[in-house]
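Enquirer: Residue numbers (my numbering), protein chains in the order written: chain C, 1 to 498; chain P, 499 to 832.
Careful, some of the hints might be misleading.
[As the list claims (entries may be wrong)] List of simulated lysine-lysine pairs, DSSO-like, C-alpha gap at most 30 Å:
| # | chain 1 | residue 1 | chain 2 | residue 2 |
| --- | --- | --- | --- | --- |
| 1 | C | 250 | P | 665 |
| 2 | P | 723 | C | 387 |
| 3 | C | 376 | C | 494 |
| 4 | P | 566 | C | 163 |
| 5 | C | 387 | P | 525 |
| 6 | C | 19 | P | 652 |
| 7 | C | 377 | C | 186 |
| 8 | P | 813 | C | 16 |
| 9 | C | 163 | P | 666 |
| 10 | C | 126 | P | 665 |
| 11 | C | 379 | C | 238 |
| 12 | C | 465 | P | 723 |
| 13 | P | 566 | C | 19 |
| 14 | P | 646 | C | 19 |
| 15 | P | 766 | C | 414 |
| 16 | P | 811 | C | 387 |
| 17 | P | 665 | C | 19 |
| 18 | C | 163 | P | 766 |
| 19 | P | 566 | P | 525 |
| 20 | C | 16 | P | 566 |
| 21 | P | 525 | C | 16 |
| 22 | C | 126 | P | 813 |
| 23 | C | 376 | C | 358 |
| 24 | C | 119 | P | 646 |
For the record, the hints were derived by calculation from the structure and aren't laboratory data.
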Amino acid sequence: MRLALLIRLLEESNNKEEKISQLAQYFINVSDELFFESLLLLRGNRPKKIISTETLLDWTREQNSVPQWLFERSIEECNDTHDAINLLLEQHEGEHELNFIEFKLQLQSIPLHLDEVKKYVLNQWKILKVNPDRYFFNKLISGSLRVHIDDVLLFQAMAIALKTTKQKISLCFSLMDPLKFLHPRKLLKSKIFLEKFAIYSIRNHKNYVEINQHQLQDLNFPVFVSPIWIGVRIQIIKHKSELFVWDLEKQILIFLDSEKQNYLQSLEFDFVVEATIISLNKLLKDSQESNQEMLILEDLLEWNHLEIASFSERLKCFEFLNLNSKQDLNIYINDVSEYHDPNIIKSRFHTLEFNKHKGLNLYNSIGLFKIQAEYKKAKLILIYAQKLNQSNSSYYDQYTLACRSGTTLVPVSKVDSNFEFETLLEVHNFIVNNTVERFGPVRSVSPQLVFEIQYSRIEESKRHKAGIVLKDVSLLQFCLDESIDVISALSELKQGLK
Amino acid sequence: MGLSSLLEFTEHGIYVPRGDFYIDPNKKVKHAVITHAHSDHAISGHQNYLCTHLSKPILKLRLGSKIKIQSLDYAESLNINGVKVSFHPAGHIPGSAQVRLEYKGNIVVISGDYKLENDGLADPFEIIKCHEYVTESTFALPVYQWQKQDIIYKEIYDWWQYNQSQKKASIINSYPLGKSQRLIHAMHQYSSNISCHSSIEATNQSYRSIDVPIPTLIDIMDIPKRDAHKYLILTPTIISQAYWMQNFPGFEIAEASGWMATKNRRHKSSSNRQFTLSDHADWNALNTTINATGAEKVFVTHGFCFEFSEYLKEKGIQAYNLDSILKSNKSIAD
Numbered sequence: 001m002r003l004a005l006l007i008r009l010l011e012e013s014n015n016k017e018e019k020i021s022q023l024a025q026y027f028i029n030v031s032d033e034l035f036f037e038s039l040l041l042l043r044g045n046r047p048k049k050i051i052s053t054e055t056l057l058d059w060t061r062e063q064n065s066v067p068q069w070l071f072e073r074s075i076e077e078c079n080d081t082h083d084a085i086n087l088l089l090e091q092h093e094g095e096h097e098l099n100f101i102e103f104k105l106q107l108q109s110i111p112l113h114l115d116e117v118k119k120y121v122l123n124q125w126k127i128l129k130v131n132p133d134r135y136f137f138n139k140l141i142s143g144s145l146r147v148h149i150d151d152v153l154l155f156q157a158m159a160i161a162l163k164t165t166k167q168k169i170s171l172c173f174s175l176m177d178p179l180k181f182l183h184p185r186k187l188l189k190s191k192i193f194l195e196k197f198a199i200y201s202i203r204n205h206k207n208y209v210e211i212n213q214h215q216l217q218d219l220n221f222p223v224f225v226s227p228i229w230i231g232v233r234i235q236i237i238k239h240k241s242e243l244f245v246w247d248l249e250k251q252i253l254i255f256l257d258s259e260k261q262n263y264l265q266s267l268e269f270d271f272v273v274e275a276t277i278i279s280l281n282k283l284l285k286d287s288q289e290s291n292q293e294m295l296i297l298e299d300l301l302e303w304n305h306l307e308i309a310s311f312s313e314r315l316k317c318f319e320f321l322n323l324n325s326k327q328d329l330n331i332y333i334n335d336v337s338e339y340h341d342p343n344i345i346k347s348r349f350h351t352l353e354f355n356k357h358k359g360l361n362l363y364n365s366i367g368l369f370k371i372q373a374e375y376k377k378a379k380l381i382l383i384y385a386q387k388l389n390q391s392n393s394s395y396y397d398q399y400t401l402a403c404r405s406g407t408t409l410v411p412v413s414k415v416d417s418n419f420e421f422e423t424l425l426e427v428h429n430f431i432v433n434n435t436v437e438r439f440g441p442v443r444s445v446s447p448q449l450v451f452e453i454q455y456s457r458i459e460e461s462k463r464h465k466a467g468i469v470l471k472d473v474s475l476l477q478f479c480l481d482e483s484i485d486v487i488s489a490l491s492e493l494k495q496g497l498k
Numbered sequence: 499m500g501l502s503s504l505l506e507f508t509e510h511g512i513y514v515p516r517g518d519f520y521i522d523p524n525k526k527v528k529h530a531v532i533t534h535a536h537s538d539h540a541i542s543g544h545q546n547y548l549c550t551h552l553s554k555p556i557l558k559l560r561l562g563s564k565i566k567i568q569s570l571d572y573a574e575s576l577n578i579n580g581v582k583v584s585f586h587p588a589g590h591i592p593g594s595a596q597v598r599l600e601y602k603g604n605i606v607v608i609s610g611d612y613k614l615e616n617d618g619l620a621d622p623f624e625i626i627k628c629h630e631y632v633t634e635s636t637f638a639l640p641v642y643q644w645q646k647q648d649i650i651y652k653e654i655y656d657w658w659q660y661n662q663s664q665k666k667a668s669i670i671n672s673y674p675l676g677k678s679q680r681l682i683h684a685m686h687q688y689s690s691n692i693s694c695h696s697s698i699e700a701t702n703q704s705y706r707s708i709d710v711p712i713p714t715l716i717d718i719m720d721i722p723k724r725d726a727h728k729y730l731i732l733t734p735t736i737i738s739q740a741y742w743m744q745n746f747p748g749f750e751i752a753e754a755s756g757w758m759a760t761k762n763r764r765h766k767s768s769s770n771r772q773f774t775l776s777d778h779a780d781w782n783a784l785n786t787t788i789n790a791t792g793a794e795k796v797f798v799t800h801g802f803c804f805e806f807s808e809y810l811k812e813k814g815i816q817a818y819n820l821d822s823i824l825k826s827n828k829s830i831a832d
């Protein structure tokens, strides 16, 4: 596949999986040189603008004999100037495919004189394939190509193409600049990369055994207890003067704000820390410092390249770092307390703010445990349904559920189906047979089907009419025999809001 | 005399008072001359139908076998109350026709829908010299210029091959009458692994009965699950989420239509891939046809009537926006 076609597919597709597949396919077949140039382009690095879109329009008008009013009407019909330019130009049978490398070289040699540029552009219009090469050319030369692919997506596609992991690709990218854009394929195999990867790859995440409140008394005491925060789980690897921060969920490298980054880099010791980044915006709604993030350091996996088995020893090392004094940078060590009584842990668990915390981590001489927020149940009614994957899903599998608010229904959650196929089909048939109205892909359904759901917590939400939203919702069952009267009231749900 | 020497534009559509018949009327009438069997040209409920031999079985299939229908061959003429009526190929779909009317040396042609490119299935469009020409204008804007059909067929084939390599079936949404048969005919040159939905197959059978060369296809329900990715499957536009698709381990859906020329429309499409393939004349073909007919008066209907009629007027042709006339006549009648 050529770059022009890839760009067109990326521009016109809303399907993430399809984008990844097309990108991977492209990377597999492309030459090393083009691989690089494409990467730059896909990450938002556009070639310099040579000519304005208005000038391209003027030249198109000159090539086209239609009156001005019809020309404008045509642009209006397209709702996209570059698309209109391409369609208004002659639909010849140009055979020439746009070579992006050649194009970039040509741009360097184009004299800035307008007549020369015009001559070059008109010639390209004649020889290039109408679709998508000529369209792509016009976008490039006028600096209008706005294609920026999310790194997660790009790394995933590259991982497929290069038969490696997203983590390696992410690290590869961070090293590409200093290594002057050595091709990722070569870089991945190079000694320097392998050494770096050994240092900077994500350390194995420690497994926490999930227990419930009743199992607390079976633990060996004393137990160290710390809250599990809701946020982006990260691993910070400090080695000499370098600092690498991994997003543990997305498996990509991310960056802390520069102050935190500089401070941690300046520390004299090497370490590997697990932490959570919490948006202050979320915690302090009216904060002036809404752009800042809070960093909660939770566990020390390595200290000067040594693993420390005992949690109490790890705590001591943490304290040695004296990071708690860095509250002006919003860096905190997680609050850890030592308990000897399961009932006190229980009461600590019950006083947690579940819009900030998921539960508690427990450490003792035996191992690592966690106790998470228990799911609450509610009954809600189906009001809207759509297909989760618009193009490829054959069944309605995403549901908007509502609760009662006086005499009306207000949506409080959007849930993806986790049902078995037979149940999914049953719900799908219900939706098809009880559709009241269609809004594009969304069906408004007659409020008859009650779902029993479970959720971990409730949060305030300005986006939802109800003012709240249920989090971590999953469907338990649907109740065909239950009426609308059984569904939860908004006031009842709001009681769960702390 | 009104706007036309032979035609009247009424709330029922185009009327020929001398012969007492309508052409593609949109309300029930006694005598209807039908250009082709698409539902915006042929509705049920007329007392008598006149069409081409090739359109006859399709009209019966779509409007019911009990309709009273008379058919003519291309270029065969019939005298109706002194008006000489004949059908001439329009190239739109198999059986589609332009209607030529002649009365006392005055010739009027009603194009119906037409395209100039020969798809190898429908009889190729024929230019008819006339005094007055009623033209369609579905794609009468300069942005609608089609690429040659072979280029589009190749694009479709490449997409089909790519899906095959990804172990995905290739599904194309297309009109069951006309576009589907054109695609079957064209894509069969590449591979015979083509299947279609039963509603398309019904039309195929009607065409086969009058020797239109539509290849025999495998039934959609007989496609082996393990080989589903090898197949190109045609479905009507309305069926894109059918139960049988669940048998396929994976599939990609494409759409083939002239409207897919603009990025704007492609973006709104729910399919994964769009191909610009139309059974209508594009901007250049419309202009070529108008010039070639030598018509002194042109009536523009079905589509960008205002834009095309104004453009023709600027070129010095006596042109009328027929949709606007029909609408105003309808409001007067109301």
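Enquirer: Between the alpha carbons of residue 119 of chain C and residue 646 of chain P, is the straight-line distance 30 Å or under?
Expert: OK: residue 119 of chain C and residue 646 of chain P at ~27 Å, within 30 Å.
Enquirer: Has the given pair, residue 126 of chain C with residue 665 of chain P, been kept, meaning a C-alpha gap of at most 30 Å?
Expert: 38 Å, violated
Enquirer: Are residue 377 of chain C and residue 186 of chain C close enough, with their CA atoms no more than 30 Å apart?
Expert: Violated: residue 377 of chain C and residue 186 of chain C sit about 53 Å apart, past 30 Å.
Enquirer: Going straight from one Cα to the other, do residue 566 of chain P and residue 163 of chain C come out at no more than 30 Å?
Expert: 67 Å, violated
Enquirer: Is the straight-line distance between the alpha-carbon of residue 19 of chain C and that of residue 652 of chain P 30 Å or less?
Expert: 22 Å, holds
Enquirer: Straight-line Cα separation of residue 766 of chain P and residue 414 of chain C no greater than 30 Å?
Expert: 24 Å, holds
Enquirer: Does residue 525 of chain P pair with residue 16 of chain C here, judged by a C-alpha cut-off of 30 Å?
Expert: 48 Å, violated
Enquirer: Sort out whether residue 19 of chain C lies within 30 Å of residue 646 of chain P, counting only the CA atoms.
Expert: Since the Cα atoms of residue 646 of chain P and residue 19 of chain C sit roughly 28 Å apart, the hinted pair holds (cutoff 30 Å).
Enquirer: Within 30 Å, alpha carbon to alpha carbon, are residue 811 of chain P and residue 387 of chain C?
Expert: 49 Å, violated
Enquirer: Could you grab the alpha-carbon distance between residue 126 of chain C and residue 813 of chain P and see if it respects the 30 Å cut-off?
Expert: Satisfied, since the Cα-Cα distance of roughly 27 Å is no more than 30 Å.
Enquirer: For the pair supplied as a hint, residue 163 of chain C and residue 666 of chain P, confirm whether the alpha-carbon distance does not exceed 30 Å.
Expert: Given that 30 Å is the threshold and the Cα spacing comes to 22 Å, the pair holds.
Enquirer: Assess, step by step, whether the Cα of residue 387 of chain C is no farther than 30 Å from the Cα of residue 525 of chain P, and give holds or violated.
Expert: 39 Å, violated
Checked against the numbered hints above, the structure violates hints 4, 5, 7, 8, 10, 11, 12, 13, 16, 18, 20, 21; every other hint is satisfied.
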